[in-house]
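Novice: Sequences and hints are given; from them, build the entire structure.
Line order of the protein sequences matches chains W and F.
Position one of the first sequence corresponds to residue 10 (our numbering), numbered consecutively onward.
Position one of the second sequence corresponds to residue 21 (our numbering), numbered consecutively onward.
Since the hints were derived computationally from the structure, they do not count as laboratory data.
The model shown is predicted, which means the values in this text are computed figures rather than measured ones.
Built from N, CA and C at the ideal position, the CB exists for glycine as well.
Do not rely on the hints blindly, as some may be mistaken.
[What the hints assert, rightly or not] Ranges of calculated distance between the beta carbons of each label pair, as one might list FRET restraints:
| no. | chain 1 | residue 1 | chain 2 | residue 2 | range |
| --- | --- | --- | --- | --- | --- |
| 1 | W | ALA136 | F | ASN427 | 26 to 32 angstroms |
| 2 | W | VAL100 | F | GLY184 | 34 to 40 angstroms |
| 3 | W | ALA89 | F | ILE357 | 31 to 37 angstroms |
| 4 | W | ILE144 | F | ASP480 | 51 to 57 angstroms |
| 5 | F | THR74 | W | ARG123 | 33 to 39 angstroms |
| 6 | W | VAL28 | F | GLY163 | 36 to 42 angstroms |
| 7 | W | VAL32 | F | ILE505 | 26 to 32 angstroms |
| 8 | F | GLY124 | W | ARG123 | 29 to 35 angstroms |
| 9 | F | ILE300 | W | ALA66 | 36 to 42 angstroms |
| 10 | W | GLY59 | F | LEU305 | 44 to 50 angstroms |
| 11 | W | ARG123 | F | THR482 | 55 to 61 angstroms |
| 12 | W | VAL28 | F | PRO154 | 42 to 48 angstroms |
| 13 | F | GLY184 | W | ARG47 | 37 to 43 angstroms |
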Amino acid sequence: MRLDLRNNKDLLAGLLLLVIGGVAVVVAREYPFGSAMRMGPGYFPTVLGGLLCLFGAYLSVRGIRAAPKIAIDWNVRPVALLAAAIVVFGVVMSRLGLVPALVAMIFVAALAGREFRVKEVALLAVALSAFAIVIFVYVLKLPYPLIAGLLWMR
Amino acid sequence: MDALSNLGLGFAVAFSLQNLAYCFVGVLLGTLIGVLPGIGPLVAIGMLFPLTFTLPAVPALIMLAGIYYGAQYGGSTTSILVNLPGETASAVTCLDGYQMARHGRAGPALAIAAIGSLVAGCVGTLLIALAGPPLGEWALRFGPAEYFSLMLMGLVAAGVLTQGDTVKGLAMVALGLLLGLVGTDVNSGMARYSFGVLELTDGIGFTVIAVGLFAVSEIAANLERNEPHEVFTRKITDLMPTRRDLRDSSWPMLRGTAVGAFFGLLPGTGPALSSFASYILEKKLARDPSRFGKGAIEGVAAPEAANNAAAQTSFIPTLTLGIPGTATMALLTGAMIMQGITPGPQVMTANPELFWGLIASMWIGNLLLVVLNLPLVGIWVRLLRVPYRWLFPAILMFCCVGNYSVNNNPVDVYLLALVGVLGYVLVKLDCEPAPLLLGYVLGPLMEEYLRRAMLLSRGDATVFFTRPISLAFMIATALVLAAVIAPAWRKRGSS
Chain W
10 MRLDLRNNKD LLAGLLLLVI GGVAVVVARE YPFGSAMRMG PGYFPTVLGG
60 LLCLFGAYLS VRGIRAAPKI AIDWNVRPVA LLAAAIVVFG VVMSRLGLVP
110 ALVAMIFVAA LAGREFRVKE VALLAVALSA FAIVIFVYVL KLPYPLIAGL
160 LWMR
Chain F
21 MDALSNLGLG FAVAFSLQNL AYCFVGVLLG TLIGVLPGIG PLVAIGMLFP
71 LTFTLPAVPA LIMLAGIYYG AQYGGSTTSI LVNLPGETAS AVTCLDGYQM
121 ARHGRAGPAL AIAAIGSLVA GCVGTLLIAL AGPPLGEWAL RFGPAEYFSL
171 MLMGLVAAGV LTQGDTVKGL AMVALGLLLG LVGTDVNSGM ARYSFGVLEL
221 TDGIGFTVIA VGLFAVSEIA ANLERNEPHE VFTRKITDLM PTRRDLRDSS
271 WPMLRGTAVG AFFGLLPGTG PALSSFASYI LEKKLARDPS RFGKGAIEGV
321 AAPEAANNAA AQTSFIPTLT LGIPGTATMA LLTGAMIMQG ITPGPQVMTA
371 NPELFWGLIA SMWIGNLLLV VLNLPLVGIW VRLLRVPYRW LFPAILMFCC
421 VGNYSVNNNP VDVYLLALVG VLGYVLVKLD CEPAPLLLGY VLGPLMEEYL
471 RRAMLLSRGD ATVFFTRPIS LAFMIATALV LAAVIAPAWR KRGSS
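Specialist: Right, dumping it as C-alpha cells:
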C-alpha cells in the first residue's frame with residue numbers, strides 16, 4: 010500500500026499540527042516555565058503545544074492506518090492570488106496611498122476569478138475606488154492619502 | 021417588576037435616534053451582504069466590523085447585532101431563491117423553501133420566514149430579559165476555578181459538537197488558544213511568539229483572525245465552486261401568505277422557537293443544529309411526511325424560527341457569563357473586548373445601558389427585518405443577479421481596508437493574507453475554523469483564570485474538583501467527551 014500524502018486529509022492535518030505544536034513547545038522553552046502554583050509565561054503555551062502534538066500524532070497515525078482515498082481538490086491558484094492581492098494592497102497602501110492600492114489589489118484579485126476581462130476589471134476598479142473614497146475617507150474619515158504626496162481629501 | 025423596568029431602560033436607550041439609526045443601518049447592511057450568495061453572517065460581521073470601531077460601545081454593538089440578524093435573514097432569502105445557503109443554518113431552509121419558490125410560491129415562503137423569525141425573536145428577547153439577571157447574579161459568585169472549568173466545558177463542547185471530526189475540532193480549539201497567546205504576557209511582560217516582529221508583541225489582531233479565517237478563505241472556496249445557479253428573478257407577486265399558510269405554520273413556528281431557544285443556550289451548537297433538529301421534528305410530527313422536501317411550508321417556518329431563536333438565546337451565555345458559544349458570538353465578544361468591555365456578569369451591573377439597550381435593540385432589529393425585507397425583496401432579488409466576479413473584489417476591499425484601518429499598519433494586512441491561507445488549508449483538511457476562533461478569543465482569559473486559580477489553591481489542581489460549581493462543569497465536560505468517544509469505541513469493538 011503506497012501512502013498518498015497529497016490526498017490524505019488526516020495525515021496532512023496531523024503533520025501540520027505536529028509542526029505547529031512542536032514549534033510552540035520549542036519556542037516556549039525560552040520562557041520561564043514556573044511552577045503549578047506560580048505559572049510562568051511558558052507554562053500554558055507548553056501545555057497547549059504538547060496537546061497539539063498529541064492530537065497531531067493521533068491524526069497522523071489514523072491517517073496512515075486508514076489511508077482514505079478521498080481526493081482533496083487542491084486548487085492553489087485562487088487562494089494564492091487572493092493572498093497576493095492582499096499583500097499587494099498592504100505594500101502599495103503604505104507607500105502610494107489608497108487609490109493605487111485598491112486598483113492594484115482589484116487587478117490581482119480579479120485574476121483569481123474564473124474569467125478576466127480587462128475592461129470590466131478596470132471599470133470595477135474605478136467604481137470600487139470611488140465607493141471606497143466616499144465610505145472610508147469621506148464618511149468614516151480615515152486619514153489616508155488618496156494618492157500619497159499628491160492628493161488628499163479634506 | 022425588575023425585568024420590566026430593565027427592559028424599560030433598554031428601550032429608552034435603544035429608541036434614541038442615534039441608536040435606532042445604527043440598528044437600522046446594521047440590519048440593512050447585514051441583509052444586503054447576507055443576501056449575496058455564499059456569504060453568511062460570519063463573513064458579513066467579519067468584514068463590516070472594522071467599520072464600527074470608530075463608534076462608542078453601545079451603538080457599535082447594536083449595529084453589530086443588527087448586522088448579525090440581517091445577515092442571517094438575508095441568508096434565508098438566498099436559500100429560498102437560489103438554493104445556495106450562505107451558511108449551515110440556512111441550509112435546511114433550502115430544502116422546502118427553494119421548492120416553494122419553484123412552484124411559484126417564493127413570496128409566501130419569504131413572508132413566512134420573516135414572520136417566523138419575528139415570532140422567535142420576540143420570545144428570544146423575552147427569554148434573555150428574564151434569564152439574564154438571575155444567571156448573571158449566579159455567575160458573580162464564580163471564582164477563577166469556576167471560570168476556568170466553564171471555559172473548558174464551553175470549548176470542549178464547541179470542539180466536539182462542530183460538524184466533522186471530533187479530534188480535529190478539539191485540536192482547532194487548542195490551536196486557537198495558542199494563537200490567542202501570541203503577544204505580550206500580561207503577568208511577566210514577556211513577548212511570546214512574536215518572532216522578533218514588533219507588531220506581534222501586541223498579539224495577532226482579532227480582525228485579522230476573524231476576517232482571514234472566514235472571509236478570505238471563504239472567497240477562495242467560492243471561487244473553486246461552479247457558479248451559475250437557477251435564480252428566481254421573476255417578479256415576485258403575492259407576497260402575502262394565505263390564511264391557510266398561516267394556520268399551517270403557526271404551530272411549527274412555536275415548536276421551532278422552543279427547539280431553537282434550547283439549542284442556542286448550549287455552547288458550540290447554535291443556529292445550525294437547531295434548524296436541523298426542528299426540521300426533523302416537524303417531519304416526524306407531520307401527518308404526511310412525504311410532503312417535506314417538496315415545498316412544505318412547515319419546512320420553512322420551523323427551521324427559520326428555530327435558527328432565529330437560537331441566534332437570540334446564544335446571546336445569553338455570551339452576555340451573562342462572557343463565554344461565547346458559537347463563532348459568531350466569539351466575534352461579538354471580541355468586538356466587546358476591543359471596545360474595552362470585559363464580557364461577563366459584571367457587564368449587567370457596570371454597563372446596564374449597554375446590556376439592556378442591546379437586548380431592546382435586538383427586538384427592534386427583528387421588527388425592522390420584517391418591515392424592511394418584505395418591501396425590499398425586489399431589490400434583494402436583483403442583487404442576486406450580480407455575478408460573483410464583481411462581488412469578491414468588493415468583499416476583499418472591505419477586508420483589506422478594514423484590517424489596515426485598525427492600526428494603520430500594513431503588517432496587519434500581511435498577517436491577514438497568511439491567516440487566510442491557513443484558513444483555506446484547514447478547511448481543505450476538514451478542520452473547522454469555528455472552534456479555532458472560540459479558542460482564540462478565550463485563550464488569554466483562560467490562561468489568566470488558570471493562573472489565578474492555581475495561585476489561590478497554592479498549586480493544588482484538585483481545586484477544580486472540590487468546588488461544587490467547578491466540579492459540575494468538569495463533570496459536564498467529561499460527559500460531553502464520553503458521549504462522543506463511547507460510540508466510537510463500541511464501533512471498534514464490534515467490528
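Novice: List in ascending order the numbers of the hints, as given earlier, that are violated by the structure.
Specialist: none
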